[in-house]
Amino acid sequence: MLRLLRKVVQTGQVTLPYPFAPVEVAPDFRGKPVYDFSRCLGCGACARACPPQAITVEWSAQRGVVTWSIHYGRCIFCGRCEEVCPTGAIGLSQDFELAATRAEDLVVRAELQMARCPGCGEPFAPARELEYVRASLEAARGAASPVLAARLQLCPRCRRREAAARSGPAGRRQGGGSR
Amino acid sequence: MQSETAVSQGARSVVESLRARFGAAVLEETWQAPDQVTLTVALDALPEVVAAAYYDCGGWLATVVGNDERGLHGHFALYYVLSMEQGQAPYPWLTIRALVPGHRPQFPSVTPRVPAAVWYERELRDLFGLEPVGLPDTRRLVLPDDWPEDLHPLRKDAMDYRYRPEPVGEAENYPFVGPEGEGIGEVPLGPLHIAQEEPGHFRLYVDGEEIVDADYRLFYSHRGIEKLAENRMDYDQVTFLAERICGICGYTHSVAYAHAVERAAGIEAPPRAEAIRTILLEVERLHSHLLNVGVAAHLVGFDTGFMHLFRVREKAMQMAEILTGGRKTYGMNLIGGVRRDILKDQKDAVLRLLRELETEVTELVEILVDTPNFYARTRGVGRLDPQIARDYSPVGPNLRGSGYPRDTRMGHPYGAYNRVPWQVISETGCDVLARTLVRCREIHESIGIIRACLEEMPPGPILAEGFSFKPYAVGLGWTEAPRGENVHWVMLGPDRKVYRWRPRASTYNNWPPLRYMFRGNTVADAPLIVASIDPCYSCTERVTVVDVRKRRVQVVPYKELQRYCREQKHSPLRD
Ligand code: SF4
Ligand code: SF4
Numbered sequence: 001m002l003r004l005l006r007k008v009v010q011t012g013q014v015t016l017p018y019p020f021a022p023v024e025v026a027p028d029f030r031g032k033p034v035y036d037f038s039r040c041l042g043c044g045a046c047a048r049a050c051p052p053q054a055i056t057v058e059w060s061a062q063r064g065v066v067t068w069s070i071h072y073g074r075c076i077f078c079g080r081c082e083e084v085c086p087t088g089a090i091g092l093s094q095d096f097e098l099a100a101t102r103a104e105d106l107v108v109r110a111e112l113q114m115a116r117c118p119g120c121g122e123p124f125a126p127a128r129e130l131e132y133v134r135a136s137l138e139a140a141r142g143a144a145s146p147v148l149a150a151r152l153q154l155c156p157r158c159r160r161r162e163a164a165a166r167s168g169p170a171g172r173r174q175g176g177g178s179r
Numbered sequence: 001m002q003s004e005t006a007v008s009q010g011a012r013s014v015v016e017s018l019r020a021r022f023g024a025a026v027l028e029e030t031w032q033a034p035d036q037v038t039l040t041v042a043l044d045a046l047p048e049v050v051a052a053a054y055y056d057c058g059g060w061l062a063t064v065v066g067n068d069e070r071g072l073h074g075h076f077a078l079y080y081v082l083s084m085e086q087g088q089a090p091y092p093w094l095t096i097r098a099l100v101p102g103h104r105p106q107f108p109s110v111t112p113r114v115p116a117a118v119w120y121e122r123e124l125r126d127l128f129g130l131e132p133v134g135l136p137d138t139r140r141l142v143l144p145d146d147w148p149e150d151l152h153p154l155r156k157d158a159m160d161y162r163y164r165p166e167p168v169g170e171a172e173n174y175p176f177v178g179p180e181g182e183g184i185g186e187v188p189l190g191p192l193h194i195a196q197e198e199p200g201h202f203r204l205y206v207d208g209e210e211i212v213d214a215d216y217r218l219f220y221s222h223r224g225i226e227k228l229a230e231n232r233m234d235y236d237q238v239t240f241l242a243e244r245i246c247g248i249c250g251y252t253h254s255v256a257y258a259h260a261v262e263r264a265a266g267i268e269a270p271p272r273a274e275a276i277r278t279i280l281l282e283v284e285r286l287h288s289h290l291l292n293v294g295v296a297a298h299l300v301g302f303d304t305g306f307m308h309l310f311r312v313r314e315k316a317m318q319m320a321e322i323l324t325g326g327r328k329t330y331g332m333n334l335i336g337g338v339r340r341d342i343l344k345d346q347k348d349a350v351l352r353l354l355r356e357l358e359t360e361v362t363e364l365v366e367i368l369v370d371t372p373n374f375y376a377r378t379r380g381v382g383r384l385d386p387q388i389a390r391d392y393s394p395v396g397p398n399l400r401g402s403g404y405p406r407d408t409r410m411g412h413p414y415g416a417y418n419r420v421p422w423q424v425i426s427e428t429g430c431d432v433l434a435r436t437l438v439r440c441r442e443i444h445e446s447i448g449i450i451r452a453c454l455e456e457m458p459p460g461p462i463l464a465e466g467f468s469f470k471p472y473a474v475g476l477g478w479t480e481a482p483r484g485e486n487v488h489w490v491m492l493g494p495d496r497k498v499y500r501w502r503p504r505a506s507t508y509n510n511w512p513p514l515r516y517m518f519r520g521n522t523v524a525d526a527p528l529i530v531a532s533i534d535p536c537y538s539c540t541e542r543v544t545v546v547d548v549r550k551r552r553v554q555v556v557p558y559k560e561l562q563r564y565c566r567e568q569k570h571s572p573l574r575d
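Top line first, the protein sequences correspond to chains R and P. The numbering used here puts the first sequence at residues 1 to 179. The numbering used here puts the second sequence at residues 1 to 575.
What the hints contain is simulated information worked out from the structure, not anything from laboratory work. Be careful, since some hints might not be right.
One-sided and incomplete, this derived list gives chain R residues near chain P with beta-carbon spacing under 10 Å [unchecked claim]:
#1 V65
#2 G79
#3 R80
#4 G91
Heads up, simulated DMTMM-like pairs for lysine to aspartate or glutamate below, C-alpha to C-alpha not over 25 Å straight-line [said to hold, decoys possible]:
#5 R/K32 to P/E314
#6 P/K347 to R/E111
#7 R/K7 to P/E356
#8 R/K7 to P/D303
#9 R/K32 to P/D341
#10 P/K156 to P/E230
#11 R/K7 to P/E358
#12 R/K32 to P/D234
#13 R/K7 to P/E360
#14 P/K227 to P/D145
#15 R/K7 to P/E363
#16 R/K7 to P/E314
By construction, the Cβ of each residue, glycine as well, lies at the ideal position given by its N, Cα and C atoms.
Throw the hints in and build the complete structure from the sequences for me.
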């Protein structure tokens, strides 16, 4: 009993005054993922990796937009999104105070324009993603020929059609299939 | 390697003795690894072969897996996985497999021969619609009592994973079993808690203050994660889902799952990754054991001790935060290794916290066991008889308190456990005291393991990459969780998915023998007994007390039962 009393006295008060004073977290703490719209391509890699589907990416061909959204209520702070994002548009912060009085306040949503195919006029990929692919190709191989650059803007269906036309009897005669 | 040949020799001698006894009934023998063999047996011979392996060859039931393989070969498959513990560790795994024809979904029950199979077989009936012929207990285990009769969720063609049938009614209609007598009335009332805030319905049959029998209904928090994993997630995502099995010891599930997939795919995580996994597993054990010892202090009325143990436990949470970025050791695994290395600063900070924690725990545990009340309340209470233990294959400190030095870390070494010095802890008291002491001593082993791993971290990468997955390959993964052995069984599927994932949490094996541990104790000790298996029922919500002599049913509120346990005055059962 005496030992216990001594322990109690030795220890003193351990309760922190939180929330009236901030608490410190470890340097590599994994908190709320923060989204930077200006860097986001709308590629959806984060949504595919996110284990609890806190991040979703939906395409609406009708409206020609990609809707990116995160629901913080579902997030497990694993950081898979940060790991797979090609541009650093999403990354974990040290913020852990996520309490909200309304469920809607836990959702962040963004809309990105889709590029329309010059062949058929259908939207088929986020415009920024397309631009990112173009720029990466350019960085790796130098500027593309105008023919290739134009081909990149086509949707997969029109590109197939174009390729078929090129490699068909007429196409082969012209040697259009080669680079 | 010396031990590898010894372990495969052990497996071979078990196979030989089973072949000698059952000859033609053994249809096929396949080896998954030097320490893992599967025997496919004729369905009729299943109970005999499992019983022979269990009782005559040192087998303990690790898990039973049902799998709908009709799409592959027209049958359901049953896998009874046993750890064969004869002679010296390490031990081999033996899987007895039998096929159940799709058009005749029934199989002879193993439970009459090996009681440990009871929950598994009830579950097979619920989730796969496979009827265990001869199984004495015909009640549901996992599915709610108002779930549609012919809907078996884990059949591949049963339902969409998001389907939720409307509840039929509010009434509780689970048939509890207890001593029969003329006119014993039973009125289920509640809800309330018994030891911790989790859902479960307990019914204690009492004669005055003494418990003569007990029954319980659990699985109120069954979430169907196996179905979710099969349908919606890829194999890497399941490592994160596996952690959600438990809010205390989840990381250990993630490791067991990752090991299962890695073994199925023939991947080896780099040694550094395994050392990191081992450190995190032991940090998890530290905070889990400190929680349980704290709860034990609270229940015997020693609240100051409880508070101090929780204060010290905070140091383990800080270690987790430093090492993983979260207060739980979660989100660290991928198939093939871990996602985060341990750097010098982090190592130093953790070693410092370990020293502080060690000194304080030693002191607090001494104070706790010196409290006069502590021995009086825990000795001889909630006895887990060694024979009951042998029959039901319980695991962890629960079993080690009854004289069996069984620990998966030693029995089937994984991670870095065979590279650092440590000891299996066991006690012989068979009671609440023994189980608590096992945990107290294991805290020190964990500290030693973490220290040794941190000081001798193998260099190199932390994640193996660039492997391919073979659909329908099978793998077994296991860990010694704070509550005992966890076993995960995986069959890989196409499209980066798991075809079947069967996690078996430690407490699953600890519930069935609990009934026997209640008998002969007083109602005031019930919370202590439940807490002493350190249950993980994602909490015991309702207690109904049935007095068999007075034929009276009474519901005791949680607060009241807990108060009675702590004060032992003013029985709630008196009028
Ligand atoms: S941190 Fe994990 S759970 Fe949260 S959004 Fe990112 S991937 Fe999803
Ligand atoms: S991975 Fe990055 S760039 Fe792609 S959608 Fe997610 S946040 Fe945007």
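Pairwise hint evaluation, R/E111 against P/K347, where the allowed Cα distance is 25 Å at most
With a Cα-Cα distance of about 43 Å, the restraint between P/K347 and R/E111 is violated, given a limit of 25 Å.
R/K7 and P/D303 were given as a pair; does the straight-line alpha-carbon distance stay at or below 25 Å?
Since the Cα atoms of R/K7 and P/D303 sit roughly 14 Å apart, the hinted pair holds (cutoff 25 Å).
Given pair status - P/D234, R/K32, alpha carbons within 25 Å
holds (24 Å)
Has the given pair, P/K227 with P/D145, been kept, meaning a C-alpha gap of at most 25 Å?
Holds, because 19 Å separates the two Cα atoms, which is no more than 25 Å.
For the pair supplied as a hint, R/K7 and P/E314, confirm whether the alpha-carbon distance does not exceed 25 Å.
The given pair, whose Cα atoms are some 17 Å apart, holds under the 25 Å limit.
Min Cβ distance, R/R80 to chain P: is it shorter than 10 Å?
Cβ of R/R80 sits 8 Å from chain P, so the hint holds.
Hint R/G79 vs chain P: min CB-CB distance below 10 Å?
holds (7 Å)
Below or equal to 25 Å on CA atoms is what counts here, so check R/K7 against P/E358.
Holds, at roughly 15 Å.
Is the hinted pair R/K7 and P/E360 satisfied, with a Cα-Cα distance of at most 25 Å?
Roughly 10 Å between the alpha carbons, so the hint for R/K7 and P/E360 holds.
Regarding the pair R/K32 and P/E314, is the alpha-carbon distance no greater than 25 Å?
Measuring from Cα to Cα gives roughly 22 Å; hence the hint holds.
Is the Cα-Cα distance between R/K7 and P/E356 25 Å or less?
Status holds; Cα separation ~14 Å.
Run the distance test for R/K7 versus P/E363: straight-line Cα separation, threshold 25 Å.
holds (9 Å)
Going down the numbered hints, you'll see the structure goes against 1, 4 and 6, while the others check out.
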